[in-house]
Amino acid sequence: MAEGIDFESLVASYYEPLYQFAYSLARDEADACDLTQETFCIWAAKGHQLRDATKVKTWLFTTLHREFLGARRRQTRFPHIELEFAAAELPVVPPPTAHRFDAGQALEALARLDEIYQAPVALFYLQDCSYNEIAEILDVPLGTVKSRLTRGLGRLHQLLTDTTTGAQPQPPNL
Amino acid sequence: MNRDEAKTILLLYRPGTADAGDPEIARALELARQDPELTRWLAEHCARQEALRAGFRQITAPAGLKEQIISEQAAQERTISWRQSAVLVAAAIVAALVVLAPLWFQHRGNEDTFAIYRSRMAGVALRGYIMDLATNNPAQVRAYLAQNHAPVDYVLPTPLGKTAVTGCAIEDWQGAKVSMICFRTGRPLPPGEQSDLWLFVIDRSTVKNAPPMGSRQFVQVNKLMTVTWTQGDTLYVLGMEGDEQTLQQYL
Chain A
2 MAEGIDFESL VASYYEPLYQ FAYSLARDEA DACDLTQETF CIWAAKGHQL RDATKVKTWL
62 FTTLHREFLG ARRRQTRFPH IELEFAAAEL PVVPPPTAHR FDAGQALEAL ARLDEIYQAP
122 VALFYLQDCS YNEIAEILDV PLGTVKSRLT RGLGRLHQLL TDTTTGAQPQ PPNL
Chain B
39 MNRDEAKTIL LLYRPGTADA GDPEIARALE LARQDPELTR WLAEHCARQE ALRAGFRQIT
99 APAGLKEQII SEQAAQERTI SWRQSAVLVA AAIVAALVVL APLWFQHRGN EDTFAIYRSR
159 MAGVALRGYI MDLATNNPAQ VRAYLAQNHA PVDYVLPTPL GKTAVTGCAI EDWQGAKVSM
219 ICFRTGRPLP PGEQSDLWLF VIDRSTVKNA PPMGSRQFVQ VNKLMTVTWT QGDTLYVLGM
279 EGDEQTLQQY L
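Chains as they are written, first to last, in our numbering: chain A, 2 to 175; chain B, 39 to 289.
No wet-lab data here; the hints were simulated from the structure. For glycine and all other residues, C-beta sits at the position ideal for the given N, C-alpha and C. A couple of the hints might just be wrong.
Derived lysine-lysine pairs resembling BS3-like cross-links, with alpha carbons at most 25 Å apart [unchecked claim]: (1) Lys58(A) x Lys47(A); (2) Lys104(B) x Lys58(A); (3) Lys56(A) x Lys104(B); (4) Lys246(B) x Lys147(A); (5) Lys200(B) x Lys246(B); (6) Lys147(A) x Lys58(A); (7) Lys47(A) x Lys246(B); (8) Lys147(A) x Lys47(A).
Okay, the calculated bits of chain A under chain B, using three or more residues with CB under 8 Å as the criterion [as the list claims (entries may be wrong)]: (9) 36-42; (10) 60-71; (11) 116-127; (12) 149-156.
FRET-style restraints, in silico, Cβ to Cβ [stated by the list, open to error]: (13) Gln159(A) x Arg95(B): 18 to 26 Å; (14) Ile117(A) x Ala133(B): 50 to 58 Å; (15) Gln72(B) x Arg52(A): 29 to 37 Å.
Looking at chain A on its own, in the form it has when it is part of the complex (with noise of 0.2 Å):
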């Protein structure tokens, strides 16, 4: 049973990575930290209800995955736009070379896959997370996960490659 685990100690150990996975999702740090937030207030509240303790990462993952859809299904409903008006006086980064990224690099690319890819793509690369455990916190086939982690990695590359070329994204190849 996961009752015994400390709360505490659950947070100093999830929330940098329970945060990424958000932040790779919402790509807004207001939003991250709110479903992070709200992913252990669940646990606070269901969390006893884990029988297998062992489950506990898997368990957070998925349910701040879940938050995240519940979230923009209502940001869908009801969209909240925001107007960035300081985004002409941005200094202009210069292109990185093919094998140093930065997080905002990663993440734009990240953006511009297709939404089914972007989740498994960052589970693979922020938490290292194993394909079983990438199907359980999605919910989908093992199969899947395998057939979604590999059109959206080569889609990725390929617009990361772009980016350091000054090519053009070409459109998605599924």
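Given the structure of chain A, go ahead and fit chain B onto it with the hints provided.
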């Protein structure tokens, strides 16, 4: 497995993870060791994977997020704890009321039944009544009461037996008949009044919590001083305007 198939499989390979344990990847890695071009491709791929992992891991949570999560939860627990306490207290009060209410009402009911009876009869005497039979003959009073199935086997204290009767009426108490015998003590009466002393007789079993045998209870009910006693199966209430000492003279 050919080179292209191996590349497709190795696209999912992350160096330094458990991926190498996957049988399909393990076979592709083995092929890469034997194929120089695939070896070069794999080296580039691993470097790119590492760079991407490093890029993604640059995402860092804002300072204070952990503390915020913990403190919010602690506050939430305090709120829940307070609410739970309030709910528990409320539940305890309700439970206590549920348990005690019947006892309370039963107790009150027992007390009130006799008190209400006495108060009701005092009200009859004070607020007016119509005598069913106006007579100064005690025998006629008994006959009338007997004829109407009202309590008739009452025993009057000697002083009261010597007091002049003015008549009688039959009252009702929760479906039971009450014999009301009216007397005149000889004191000056207000205009229109014929009686100033009244005796109410009822079957004791019809009044809960009636006083036990052998005791007399003097209680003032509004302007009426009353005395109550039980004899046999009969409950008596005698009342008049005045004090206890005055009423005592008729017992």
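We went through each hint and held it up to the structure:
1. Lys58(A) x Lys47(A): The given pair, whose Cα atoms are some 14 Å apart, holds under the 25 Å limit.
2. Lys104(B) x Lys58(A): 17 Å, holds
3. Lys56(A) x Lys104(B): 21 Å, holds
4. Lys246(B) x Lys147(A): Given that 25 Å is the threshold and the Cα spacing comes to 85 Å, the pair is violated.
5. Lys200(B) x Lys246(B): Given pair Lys200(B), Lys246(B) is violated - Cα atoms ~31 Å apart, limit 25 Å.
6. Lys147(A) x Lys58(A): 20 Å, holds
7. Lys47(A) x Lys246(B): 57 Å, violated
8. Lys147(A) x Lys47(A): 30 Å, violated
9. 36-42: holds (count 4)
10. 60-71: violated (count 0)
11. 116-127: As far as the region 116-127 of chain A goes, the hint holds, because 4 residues have Cβ atoms under 8 Å from chain B.
12. 149-156: holds (count 4)
13. Gln159(A) x Arg95(B): 18 to 26 Å: 22 Å, holds
14. Ile117(A) x Ala133(B): 50 to 58 Å: Since Ile117(A) and Ala133(B) have Cβ atoms about 54 Å apart, the given range 50 to 58 Å holds.
15. Gln72(B) x Arg52(A): 29 to 37 Å: Violated, at about 46 Å.
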